[in-house]
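Undergrad: Sequence:
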Amino acid sequence: MLSILLFLLNLLGLIALMISSKRHVDTFQHKLPLFLSRHRLRWLGLLLLAIAFLLTYFSHQTGYFVVVWFASLTVTAGLVYLAMMIYSRFYIK
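With this note's numbering as the guide, the letters of the sequence shown map in order to residues 26 to 118.
Simulated from the structure, these hints should not be mistaken for laboratory data.
All residues carry an ideal CB built from backbone N, CA and C; glycine is no exception.
Treat each hint with caution, since some may be false.
[Claimed, not checked] Computed beta-carbon distance windows for the label pairs:
id, residue 1, residue 2, range
1, L30, W68, 28 to 34 Å
2, R63, S84, 19 to 25 Å
3, S28, L72, 16 to 22 Å
4, S113, L79, 28 to 34 Å
5, I29, T87, 31 to 37 Å
Could you put together the complete structure from these sequences and hints?
TA: Following this line, the structure appears as structure tokens:
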């Protein structure tokens, strides 16, 4: 259960970081609510990643979940990058 929560927190954090990057800000910024600026998205992404890491650090099996956190972070980074590439290739005209 904790590994699924870590995966979701890492996924949402990396999505927020990728949307707030300079490369993708023109593509996604007009589709976001006005209260979510680029800087707020960046802080939200970093906060979600920090929460995910703190959950692993204070769990009962710290070493195991740190490994799960790094694996989850790697997989979610690949998924977010792949989704951005597919979106930019097929949906941006």
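Undergrad: Which of the stated hints cannot be reconciled with the structure, identified by number in ascending sequence?
TA: 1, 2 and 5
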